[in-house]
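> Spelled out from the first residue to the last, the chains are:
There are 2 protein chains.
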Amino acid sequence: MTKKPLILVTNDDGINAPGIRTLISVMNTIGNVVVVAPDSPQSGMGHAITLDSTLYVEQVFIDDGPQIEYSCSGTPADCVKLAIREKLTRKPDICVSGINHGSNSSINVIYSGTMSAAIEAGIEGIPAVGFSLLDYAWSANFEATKSFIKTITENVLKEGLANGIVLNVNIPNLTEKEIKGIKVCRQAKANWVEEFDKRKTPQGRDYYWLTGKFVNLDAGEDTDEWALENGYVSVVPVQFDLTAHHYIQTLNTWNLK
Amino acid sequence: MTKKPLILVTNDDGINAPGIRTLISVMNTIGNVVVVAPDSPQSGMGHAITLDSTLYVEQVFIDDGPQIEYSCSGTPADCVKLAIREKLTRKPDICVSGINHGSNSSINVIYSGTMSAAIEAGIEGIPAVGFSLLDYAWSANFEATKSFIKTITENVLKEGLANGIVLNVNIPNLTEKEIKGIKVCRQAKANWVEEFDKRKTPQGRDYYWLTGKFVNLDAGEDTDEWALENGYVSVVPVQFDLTAHHYIQTLNTWNLK
Chain A
1 MTKKPLILVT NDDGINAPGI RTLISVMNTI GNVVVVAPDS PQSGMGHAIT LDSTLYVEQV
61 FIDDGPQIEY SCSGTPADCV KLAIREKLTR KPDICVSGIN HGSNSSINVI YSGTMSAAIE
121 AGIEGIPAVG FSLLDYAWSA NFEATKSFIK TITENVLKEG LANGIVLNVN IPNLTEKEIK
181 GIKVCRQAKA NWVEEFDKRK TPQGRDYYWL TGKFVNLDAG EDTDEWALEN GYVSVVPVQF
241 DLTAHHYIQT LNTWNLK
Chain B
1 MTKKPLILVT NDDGINAPGI RTLISVMNTI GNVVVVAPDS PQSGMGHAIT LDSTLYVEQV
61 FIDDGPQIEY SCSGTPADCV KLAIREKLTR KPDICVSGIN HGSNSSINVI YSGTMSAAIE
121 AGIEGIPAVG FSLLDYAWSA NFEATKSFIK TITENVLKEG LANGIVLNVN IPNLTEKEIK
181 GIKVCRQAKA NWVEEFDKRK TPQGRDYYWL TGKFVNLDAG EDTDEWALEN GYVSVVPVQF
241 DLTAHHYIQT LNTWNLK
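Residue numbers (the numbering used here), protein chains in the order written: chain A, 1 to 257; chain B, 1 to 257.
For the record, the hints were derived by calculation from the structure and aren't laboratory data.
Owing to the predicted nature of the structure, the values given are computational and were not obtained by experimental measurement.
Among the hints, a few may not be true.
Below are the DMTMM-like pairs computed for lysine to aspartate or glutamate, each with C-alpha atoms no more than 25 Å apart in a straight line [what the hints assert, rightly or not]:
#, chain 1, residue 1, chain 2, residue 2
1, B, Lys3, B, Asp52
2, B, Lys200, A, Glu69
3, B, Lys257, A, Asp222
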């Protein structure tokens, strides 16, 4: 018997999303796959966890692949916690999250349910990667992502990841031929300029829809935004120790008695 | 006319929580206060934003203080976005979030709605601080927090904060006399060991409650956990560039073709 890696798969678009179905198919070529994913879309959930409500998790059969799958009523972070404590018999060798329908590059990592699942696994000491394709459509074409996802996953399984580090991988919406390769990057300085679309209910009450325009403020050629705009898959090492260590010195000059 | 600072106040426990009422009362002694806070508790929401649902925001009158207040149906991050784009006539001089009922020290920063509001303000270039008291009770006594919050807020207004940095302040559940002072710290390495409390519905379906034990894995005496255990207010500078810059070099040795 060969020793195949145990792979935990999750996402934030829900267990039926084409993105996670593609990710499962790639992972089935690498190891033994267990899926614990939300039963409905959770985008924009950030690193939410369910503290004040009950969680359901139930085995489901969606396609005829060899993977074992559970659908969960919680957030992506809940899914990872439940998988580790209740559904897996041993610590997985890797956790992969995605493939997200839409970018999680630069500042989007902060809002990303896909990355929150990877970070949750990272906190548990499991090597973890979040994958995203730069196409928000449900009908996005994930074909070109497969070989890059396989390469990156196999590298993580071989090399491991240092404690406290997970990977944020974004893939441009191009054909495999058009994609120039994989670039290790830093997170670009960027933000969203929100415009709230103000409307009135039929009863005359004001309400808003959140909309906005993404603005890249960073001219650097070592960023994820640059890589994606220039046809590369971006790989950013992400840490969840949020301490700005370099700033401690400055704060210690303040008058905090 | 003296030029008083414009202060945006928000939280994640909801606009009626005793913690934010205390924070508003302290801020009224420092500047002109505008409150935009969730209409109901949002704890554990991480950095969630509302993409797929409408947002309501309405002026409310809760006490007879001079502040202007709006109650919002969204998350803490939504509140900050709405405040900046729709309710404030100019960029605030500072955004304060809290006082959270319960700790947001060490790894809890990741799950914290209180800190997500501060980070959202930070992304907008506004100096921002999240305040938390180490008492989860609704009836927590916030009296001892007041002078420390005032000191820290006045320091931020005077000194400013570098781009990309917000402060995570945790206050031990002690009397003012018992608190030894303020310590600038790094985030401790800690995690939650979850235990899911598995139950059955009256109809026989399994469900879970998320419970857990907080475990500090970090023996350092420069951490927020150490400071809090030893009677100090902890101040951690937090960054939202999550790039693990030191790890880029390692990844560039991988075989990513």
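> All hints are to be evaluated individually against the structure, with a verdict given for each.
Here is how each hint holds up against the structure:
For the given pair, B:Lys3 sits about 40 Å from B:Asp52 by alpha-carbon distance, which is inconsistent with the 25 Å threshold. Between B:Lys200 and A:Glu69 the alpha-carbon distance is near 21 Å, which keeps this suggested pair within the 25 Å criterion. For the proposed pair B:Lys257 and A:Asp222, the alpha carbon gap of about 17 Å is at most 25 Å, so the pair holds.
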